[in-house]
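Chemist: One letter stands for each residue in the lines below.
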Amino acid sequence: MRKVLTNLLYKDLLDSWRNYKVLIIVITFLFFGLISPLSAYFMPQLLNMIGSDQGVLIEINTPTQMDSYLQFHKNISQIALLIMIFLFMGNVSNEKESGSVDFLLVKPIKSSFYIISKFISLLILAFFAMLISTITCGFYTFFLFKTLVISDLLRMSFYLYFYIITILSITILFSSLVKKQFVAGIFTFLTWIIIQSLSSFSFLRTFLPTRVLNEAHLAAVGMSSNIYSIINSIIMILICLIIAIYGFKKQRDSL
Amino acid sequence: MQIIKTHNLSKFYNKGKFKALDNLNIEIEKNTIFGFLGPNGAGKTTTLKLLTGLIKPSNGEIWINNSLINKDNFINNNIGYLSQNPKYYDWMSAYELLTFVGKLFNFSKKDASIRADELIELCGINDYKNRKIRTYSGGMVQRVGIAQALFNKPDVLFLDEPVSDMDPLGRKEILDFIKILKKDTTVFMSSHILEDVERVCDSIAIINKGHLIKVSDTQELKNEFTKKAGTIEIKLSSNKDLNKCKAWINDYISNKYSINDLKIVIGEKYFKYYKNDFFKMVGNSSINIESYKIIKPSLEDIFVSIIGEDNYEKSVN
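Chains as they are written, first to last, in the numbering used here: chain A, 1 to 255; chain B, 1 to 317.
Some hints here could point you the wrong way.
[Unchecked claim] Chain A side only, calculated, beta carbon under 8 Å to chain B, not exhaustive:
#, residue
1, Asp15
2, Ser16
3, Arg18
4, Leu105
Hint data in this document are derived by calculation from the structure and do not stem from the laboratory. Even for Gly, the Cβ is constructed at its ideal location relative to N, Cα and C.
Okay, chain A solo, but in the shape it has when bound:
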């Protein structure tokens, strides 16, 4: 059975490679790894230029590596993640819609393996994407700011990674439940917005899967973070996967 899962996983990764998803992810994450320290570094100069044109004096503290991390945190958790949702919202639904899933499911494959393989392929892609962008961001931060607190950067990336895979598990969930990829995308986006809105209530924040995003923020500014916050994310991922598998099976039974 492990062999079947490995083969499915190989197929899913090859799919991402052949359909340029890997390329898009690498370019996106590389771009934000590069641009985040740059924009943090040049932001005061940029604002001064704009201000002096209009006769306004804008005073900004000299940026530090912390600003670079915060910029990275913002870019990855928003734009890069949105691009990933966009790329993978049809992960399951496209195969259901085209009928290619029928070809697989008459082979000795369990529906659960099919969904799990999809998720693991995203775990791997997100891991390498984060690795590339973290290395790039670290390198550029050191190059521009001459200081680098590697432990803070790694802690921040670690939490960001959990945030990304949590949201991607929601994408897998909706992609398994609906037949049209754009519907899966819309539902994921809405859920994402709702979770983010709820996290503005401090009493809810502790229980939400997005708690890791706050921990990533704390890590970025050099404060201590709570490793147990990832439990929320893991629970959310498991819930999403279980519902995705159950829903996918149920959907096929009711066909």
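Model the placement of chain B on the given structure of chain A, informed by the hints.
Modeler: Frame of chain A; chain B shown alone:
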């Protein structure tokens, strides 16, 4: 020995209001080719999806190779399936797809590659085996579909409209190939191309609106219908001959005939009692007959007749 058996197999939708398949009972002998015929929407694809475990029955049982199939034990090691309008990973080549299928069936890399090459040769896709499937024509995809369905040397091969997208030459090749398969496999094939079914199937079932109407050996079914449903075509030399002939036939058979050009076409069952009188009349009145043919019904005629009767009965009831 029976390899497929269904007992009251049913599939209902819309809380039982729509019966896509209602109490299907069939038994299929091992190493035969079984044709499953029916008009569009009759329940052919639903039956195939039930038999391959892609959908679950609302009622009834399926036995394949003496094993009762249900959703808990449906591990598809012994079946192959080609769906109608198959879609595969079009970013793969045929060779990649087949080796991937092999690995899913637990073949080693080497064995999967050997079997893939064997099937590529067998299905005639050698020339384009390394091209991406997205560049294939419908017929080529169908061949890849048959190759993937045969990968595990299945006991039963389910084919849903296997040659519907092919040109006549490709159709002939694949049908000849399907004929060979029955040495090792039982083939369950749905089709709306009756000529194809007639060419390869040992036995056939006819289904309409979810109900099984007829199951029979192909030859027996043809013989049965030939006895009661042949037609006679009399071609006359001129309009004068046609009118004389028509006048005589009118007296005996009233309006149960049709005229097309200089031809009179009569159902054999209406004509056989008056045949001798007819020839006497022709001899006496010197009518010039160019040709006289008894046309045996094709499977298509039989199919149309059976479905027509069934629809009539349902509308009366």
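Chemist: Now tell me if each hint is right for this structure.
Modeler: Against the structure, the hints:
1. The beta carbon of aspartate 15/A comes within 7 Å of a beta carbon in chain B, closer than 8 Å, and the hint placing it at the interface holds.
2. Hint status for serine 16/A: violated, given a least beta-carbon distance of 10 Å to chain B, over 8 Å.
3. About 4 Å separates the beta-carbon of arginine 18/A from the nearest beta-carbon of chain B, less than 8 Å, and the hint is met.
4. The beta carbon of leucine 105/A comes within 6 Å of a beta carbon in chain B, closer than 8 Å, and the hint placing it at the interface holds.
This entry does not satisfy hint 2, going by the numbered hints stated previously; all others are met.
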